[in-house]
Structure formats: C-alpha cells, structure tokens
Amino acid sequence: MKRIGFLSFGHWTPHPQSATRSAADALTQSIDLAVAAEELGADGAYFRVHHFARQLASPFPLLAAVGARTSRIEIGTAVVDMRYENPAYMAEDAGAADLIAGGRLQLGISRGSPEQVVDGFRHFGHVPADGESDADMARRHTARFLDLLGGEGFAEPNPRPMFPNPPGLLRVEPHSSGLRERVWWGAGTRATAEWTAAQGMNLMSSTLLTEDTGVPFHVLQAEQLRRFRDAWSAAGHGREPRVSVSRSIFPITDDRDRAYFGAEAASTDQVGMLEGGRARFGKTYAGEVDDVVADLAGDEAVAAADTLLLTVPNQLGVEYNAHVLENVVRHVAPALGWR
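Be aware that the sequence shown starts at 1, since it is given in the UniProt record's numbering, and climbs by one per residue.
The hints are simulated quantities; they were obtained by calculation from the structure and are not laboratory data.
Errors might be hidden in some of the hints.
[Unchecked claim] If you anchor each label on the Cβ, the simulated ranges turn out as follows:
#1 152 x 269: 43 to 49 Å
#2 219 x 240: 21 to 27 Å
#3 256 x 103: 34 to 40 Å
Ideal Cβ placement from N, Cα and C applies to all residues, glycine included.
Please model the complete structure; the sequences and the hints are all you need to start from.
Right under this line is the structure:
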C-alpha cells in the first residue's frame with residue numbers, strides 16, 4: 001500500500017476570495033485539514049516552511065498541535081530550510097513535537113528554496129563561515145542536528161547543578177528515540193539524492209528538479225530515486241529507506257473541480273531557469289477520474305515511491321481540500337492498486 005498524504009504551503013492573504021485570510025487562519029485550518037485527512041483514511045499531513053512570507057513558517061508548534069489532535073497519521077515537514085536553524089534548539093523542538101505525537105513525526109529538511117529576502121538566514125543570526133556557501137552551512141547545521149538526534153551525551157554537567165543530573169555527559173532533552181531514522185532530505189538533483197543516501201536520510205523529491213536532461217519530469221525523477229536506492233545499498237545502512245514524491249492531482253468529480261482545475265487537464269512539464277540553472281517542473285494531473293488514473297499509471301516516479309504527497313490549494317478552504325483528498329484516496333488510489 002502506498003502512503004498518501006497532503007502537503008500544504010499554508011498560504012494566506014487578506015483577500016475576500018481567500019478562505020485563509022490571516023496567519024491564524026492558516027494555522028488553525030492546517031490542524032483542521034489534518035484531522036479531516038485522518039478521518040478520510042489518508043496517511044500523512046505535511047507542511048512547507050517559508051520565512052518572511054505569508055505562509056507557514058515555524059513548524060514545531062503546528063506539528064505539536066496536529067499531533068495532539070490526531071492519533072494515526074504521519075505528521076511532517078517538506079521541508080525545513082536548515083540555513084535558518086539552530087541545530088540544538090531544533091533538536092529540542094523536534095523531540096518535543098515527536099513525543100507529543102507518539103513517534104509519528106517525519107521531518108523533511110533541506111538547503112531551502114529561493115528566498116523572499118536577500119540572505120534571510122543572516123537575520124536569524126546564521127552566517128556562513130569563511131569559504132563556506134549558504135548550502136554548505138545548511139549541511140553543517142544538518143550534520144550537527146543529526147548527531148544530536150542520536151541521543152549521545154556531549155555536554156559536561158555542572159558540578160553544582162540546580163537539579164540532580166543523571167551520570168555522565170548530558171544530551172539535549174527531550175530526546176525522542178527513533179526520530180533520527182525519520183529525517184528526510186529534500187533533494188533537487190540526482191547527485192544530491194546520492195549524498196542523501198550516504199547520510200542515512202530518507203529522500204523527498206518534489207514537483208521541481210533543479211536540473212534537466214530533456215526527458216519527461218517523471219522519468220528524470222525516477223532515475224533520481226534509483227540512484228538514491230543504489231547509493232543507499234552501497235552505504236550499507238541497516239534499514240530500508242523511504243522515498244516520497246509530490247504531485248498536484250485534481251480528479252474532476254463536480255462543478256467546483258471543473259471550475260478550479262478543468263483547464264489544467266492540458267498541463268505539461270515546464271522547463272525554466274532557477275537560480276542560474278535549468279530546472280524542470282512536473283505537470284498537474286487534472287481530469288475525469290479515469291483519465292487521471294490512466295495518466296498516473298504511466299508515472300515512473302510515483303510508481304517507484306512508497307509515499308505520495310498531494311500538494312493542496314489551502315486557500316480554497318478545509319472543506320474543499322478534504323474533498324480533493326477524498327477523491328484521490330477513495331477513487332484514484334484503489335484504481336491504481338494503492339489501497
């Protein structure tokens with residue numbers, strides 16, 4: 001069975017046509033959609049992190065709240081920009097959110113995407129070292145974060161502490177055992193996917209690859225997934241990795257669907273320039289249920305992934321997004337053998 005979850009960017013805008021007009025709306029509706037997704041039989045609720053934008057940002061209060069309101073679904077990020085993160089404080093927040101959720105956190109992290117402001121991470125107090133790029137800094141933060149999640153003591157205890165300490169060196173608390181194996185890296189290239197495998201992280205691949213070889217998006221992404229699994233095997237890790245891909249999927253079952261996404265039935269891959277290099281964007285899958293099923297059946301990357309994240313138009317409101325999830329979970333997924 002393929003795991004199916006939603007991925008929300010948590011956009012909000014103070015516009016009469018938006019169902020999500022404030023940051024409070026984006027947060028509370030994210031919780032409500034996660035609850036609805038669990039009731040519908042979906043498997044995950046994932047949230048994007050963008051700083052300095054009218055979107056979801058600091059993820060851990062939201063993850064903890066979703067964890068307290070649900071009991072079964074996976075709860076995750078896709079992805080946290082590690083250029084902005086203090087690894088020790090992040091390890092505390094992640095451990096707390098995972099414990100509240102009963103070990104259901106799936107934490108997607110990465111170097112991050114193009115920003116709303118110039119070098120925004122500097123405003124958070126993070127500056128690359130001499131000779132280091134911002135991507136290098138993100139990987140350095142990641143290495144420290146992964147070490148901390150391992151749970152080994154490293155800090156020398158005060159000989160006269162306010163409260164008694166356990167014996168030995170101290171670790172960051174609260175610690176959630178097993179979270180280290182539930183960290184994913186959002187990779188935009190085949191080479192980064194191979195690096196991800198070497199680090200022992202699961203792989204997240206979105207609807208964007210920051211390279212282009214001229215083949216269809218899903219074919220290039222399927223190659224990325226194969227390279228990841230080959231590199232994982234070569235590294236000799238003692239567990240099976242997980243792989244997720246994201247897709248925009250809108251089965252048309254009523255007039256609302258047709259009004260919103262009917263024109264997307266002709267969607268195709270797009271190729272453009274991003275940060276000075278060629279990038280390939282995957283198409284939207286929209287159309288009658290049978291047409292969407294037939295189209296997805298030919299998607300090599302979706303077939304190869306164990307987890308599918310559905311990007312949702314959150315500004316259309318909780319009820320409509322639950323309707324989209326229901327269409328995929330109850331109509332598309334069974335027809336493809338995912339349920």
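A quick look at each hint next to the structure:
no.	hint	verdict
1	152 x 269: 43 to 49 Å	holds (45 Å)
2	219 x 240: 21 to 27 Å	holds (24 Å)
3	256 x 103: 34 to 40 Å	holds (37 Å)
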